[in-house]
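Trainee: Line by line, the protein sequences are chains W and Z.
Quick note on numbering: the first sequence equals residues 1 to 225 in full-length UniProt numbering.
Quick note on numbering: the second sequence equals residues 1 to 561 in full-length UniProt numbering.
None of these hints come from the bench; they were simulated from the model.
All values reported here derive from a predicted model rather than from experimental measurement.
The C-beta atom is built at its ideal place from N, Cα and C for all residues, glycine as well.
Each hint should be verified, as a subset may be incorrect.
Derived EDC-like pairs (lysine to aspartate or glutamate); straight-line CA-CA distance at most 16 angstroms [as the list claims (entries may be wrong)]:
| no. | chain 1 | residue 1 | chain 2 | residue 2 |
| --- | --- | --- | --- | --- |
| 1 | W | 125 | W | 85 |
| 2 | Z | 392 | W | 89 |
| 3 | W | 33 | Z | 380 |
Derived, one-sided and incomplete: chain W residues facing chain Z with beta-carbon distance under 10 angstroms [said to hold, decoys possible]:
| no. | residue |
| --- | --- |
| 4 | 33 |
| 5 | 81 |
| 6 | 82 |
| 7 | 85 |
| 8 | 147 |
So, partial list: chain Z residues that the calculated Cβ filter (under 10 angstroms) puts toward chain W [claimed, not checked]:
| no. | residue |
| --- | --- |
| 9 | 384 |
| 10 | 472 |
| 11 | 540 |
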Amino acid sequence: MTQTNTAAFVRVEGILLARGVLSAAAYLAGNAKKFGERALRLGLVGLAAPVHRLLGQTDRALAHRLAHLAIRGMSRDRVEVLCEEYAEDVLKDTILDQGLELLKRLQAEGRRVVLLSDSIEPIMKPLARHLKHYDELAYNHIEFEDDEATGRLLDPVIGSNVGGRWLDDYAAAHKLELARCSAYGAHGPDMLLLSRVGKPCAVNPDFVLRRSAKDADWPIIDYRD
Amino acid sequence: MNTPLSIKHCYAGRHVLLTGVTGFLGKVWLAMVLQHVPEIGKIYVLTRKKALRPAADRFERQVQTSPCFRPLHEKYGADMSRFVSERVEVVSGDVSLPDMGVEDPEVLARLRRDIDLVVNCAGLVDFDPDLRDAMTTNVDGARNAANFVAACDKAVLLHISTCYVTGKKNGKIAEDIRPDLAPSGDAFDVEAESADIQASIDAILADHESAEMERRAHDDAIKQIRDKGGDENNAMLVRNTARRIKRNLLKDAMVAEGQRRAARWGFTNIYTFTKNMAEAWIARRLDPGRWAMFRPAIVESSMSYPFPGWNQGFNTCGPLSYALGSWFRHLPCKKGNPFDIIPVDYVCRGMTVAGAALMRGEHAPVYQCGSSDLNLLTIDRAVELVALAHRKHLRTRGDTTLDRVLKSRWDAIAVTPDHPMRIENVRKMTESVDEWLRDPPKDWPEFIRRRLTDFAEHTEDALEAIDKIERMCELYMPFIHDNHFAFYTRNLLRHPVVEPEWDCDPRSIDWRHYWIDVHIPGLRKWCFPLFENKTPESYAPRHPFRLRSPEAAPAPHAEVV
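Next comes chain Z alone, as it looks inside the complex:
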């Protein structure tokens, strides 16, 4: 056990470079640190500029509109702009480019001289994205961050990864890193694999540009236009359709290649595969004293900061929880398997503690941050809690009588994948009904036949929803059925913290309270509207936030303790 850390003292006057500030984790971490450690030196936030929008504008918009910054707005009111501007400097850059994409040599030199800690939150969290995107953001980004740190005078790197980089494994998973070994047990060389991936990407691109591919896309476009009753002689329409088909084919090929490689090395998906490669690059590039991997498990709604239930966008168990609140009931999973959820504020506290230990040189190489080790939540219990949370909402606030009376009692249950009511069978049944509705018995009266045919529209919608759920289940199977992941999370607890607000011990989580009163209501407010193509509640502070220029807002002169 190390001597207790004082987060305030560790961060006072220290300069931090943060990437991925527009993401869920980065934003909460920034707000939390500003709120609880106002003594911090400068936080440089690396933000990409977009075509018409400078990086500073993008950051301003985040602080202005994201509910995540609500506690800060409430605390500082009209003084918020000054407070943040004194502590935050937006750096225009891109983690996927060399030198983190910082073009101004003066800024780059200043960063290399001043930065104490780099927190690399940037990452593409889609499970199976286009392999090129995953490589650019997850692998190149980490490699560039490592190169940047190597070129700095004193900076250290806290790289945000994921517990699941350990690949398909069962049982307790230790907090260690083996960059030279894949989960499959084969020797792994990240440099060779990166080169190999690049060669595969080039080959796919070359194939994509071939005349045969052009012909195939053209033929498919004609067929598609004909099926939809369009004008196949419209050259513009054919060209646009063919271009879209080609784009999709390319993406599918990239995803398939990524999945093939991930499976070959023993990873669950492209995300975990590329995150593992990122770790391997960092471990290879930097001395052990200059990096620590921080691996959260499944990051979910906040328990208390910025407020209970804060969540952002489509994240890991959002779609699952949403589906379990619909008429879909039977979730295939393995009872007793851990479902390693951890609230985002616990993760951010853990990151801060790990960052402090890293700056003090007392760090462990890997910090896993999850709940399966110390406060186990099983998948079947999670399903039960989701059902109870939906029940609680629907009983009193369901939109229709059907919701209040029936759907509220339509509890989701955990079943084995071979259950008779598994989603595959539900689809088959719905397809049969759909088929029958589209061609009812000929001897039935015409008005009944017409009504039945009209009803087929509903089954078509249902089939679309079932298709989505089926794909979602497939995506989640490695986590809820195929593997029994339980991640050790002891390294963080080796750093006792003086200030209670930085406690990140998962044993304090009451799962029932969290799921029913915090998480699912949070998802309902911030994420479910996105599934329904609605806009979640927005936030407008009383005092508009404007980032002041660095000259107008000098760095606070806090002493380094």
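Excised from the complex, chain W in its bound form:
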């Protein structure tokens, strides 16, 4: 039975999925309407990649915003169709079984499982059909104006430094005691999330998070090659 005042926050990227935001942006850019547009947008993603890597450890929100600029000007129809295609044809096959096992275990422990994804709604909604053992899925929202993507991510951006504030709001809304909650992160910026809960855990951590997890004596789970 789910305990009402305790939850497990799990980052999707790195724990459940092997691919991140850049891969999605590249897919969308590479399938833009016109050939020239494809080259231009892919170039943008290419430029965003190193910046994303650098900023990814400090300001993930800005990194995500940069990556999503590549879909600026695309129609809502195209974005949604391509995202569904990406979720079904690419992401679905990269869902990590061990990640699903982790969710199953957490739910069996009676925790409310909250998944946090950096990806945007049109990708996560169709993907959600293939995810199991969770209670809630939070993801990013992209802005559309006149049914055209502006390339802007709407606040609050999941995966950013505002994650702490988001967590507070969420805990207050759901009457959660963060000290009794657990969180599972995979990247450096997830430290903010992990440090706010009573039971943090690093899963398949990158270099920065691994070092910090070791320093803080947080448990580390590794199941990715």
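Given chain W, work out where chain Z should sit, using these hints.
Mentor: Chain Z in isolation, oriented as in the chain W frame:
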């Protein structure tokens, strides 16, 4: 807002005469009404007999083989023949003839006495047909239907027209009718115009029979036979070729005359021109209480009835959607222009509602049925959705690797007519390549020259395809570029309906779902094979359908509510 209509109550025990049942709209309407209003009295379907085929046989074949009747077959199974025979009576006739071509005086008298509603779906929907055919089916047919209704005891006429009878106009187009005014703004007298057209047709025919025309056809035949390397001394061959050329010349002259007249009065093509004349005749012949014009916009695949994606034959945007799935990419159009598509089942529901209002005497003179007013779909969005729908299919089910890898990503785009890659320029480029391939540089090795010359066959095919697309674009330009048509569709919504299955509000259409999951897959299944000279999937019900004679199948004794 009127009091809610109950379609079941309005149609229970009422007798309807339906024309154009072999057409896309007529068939869906008949199946839908039989399915949802089994309480209806009799539906008399006016069907033409053909040389060796009685009208009843033709109708039987339609019900037996058209997938449109699948839900009915599934619902009634072995009882289908009895069910339909009790409700449908085939009347041998022809809408283009006086008294609707009904020859049996007893049947005619019975129809005039019993019919409550005439639904005139008969029409020639080609954009630019032979003017004689358009006049016969669209104008004479409507005039005869009006005369028939005038001679009936109580019948009213629901005439199926088109939104585009309003001619070349821009902006919101109201649901009204001005039979005395052409879209060009000139006074219009349908009687005078009909007489004038007949005079022109007679003049063209007279010219066609002249000795000069005979000589011209003969000379052209000789030239054509000579060009093809045939025997120009073969008298039979020359005669047959000359006859074919003459026939084509006559048709071209009729089409040109029709187009000239349509343009003069401000219409987009012969179809809309003659449909407008049909409306004018009806409005002139009948009292306003006895008719309503029902004007659908571009009728396309069904959303749900008889099943998602049902479509029949070559219709309005089928060729366009087909071309956009080929290597043709740049569709000339004006971004933001409405593309007023409406699924056939929405149209049939609307017709039923309008028919019910008409029988109750609560009708409006005109019902427009489209989407541009309440759920706008622009032409550029439609092009994008067509491209995405083709992509979805080709990625996984393309015939070749080229289809799956490249063609699926070869997205069609909406461009302005002066785009560098417009079809005209593509043709010019292909012609240059063709010319070069046919005469490669003399100093090149012979085997390369031969290969290149062989390759010219492909460019010839491509040129043929380009020619078709060019003509198609020209035909569609008034609808996708030249005019900004947006049709008000409020009159139908003034009749709230009790039964939810008759809801025809276009706001419930999700365009993305419709184009990608319903319409284009439907076209692919039912229409594209026709473009490729293939036979679309046929339907064979488990229990064969046989129409029983009226004696064996008496009319159901439902009470009129």
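Trainee: Please name the hints from earlier in the document that this structure breaks, with their numbers sorted from lowest to highest.
Mentor: The structure breaks hints 10, 11; every other hint is satisfied.
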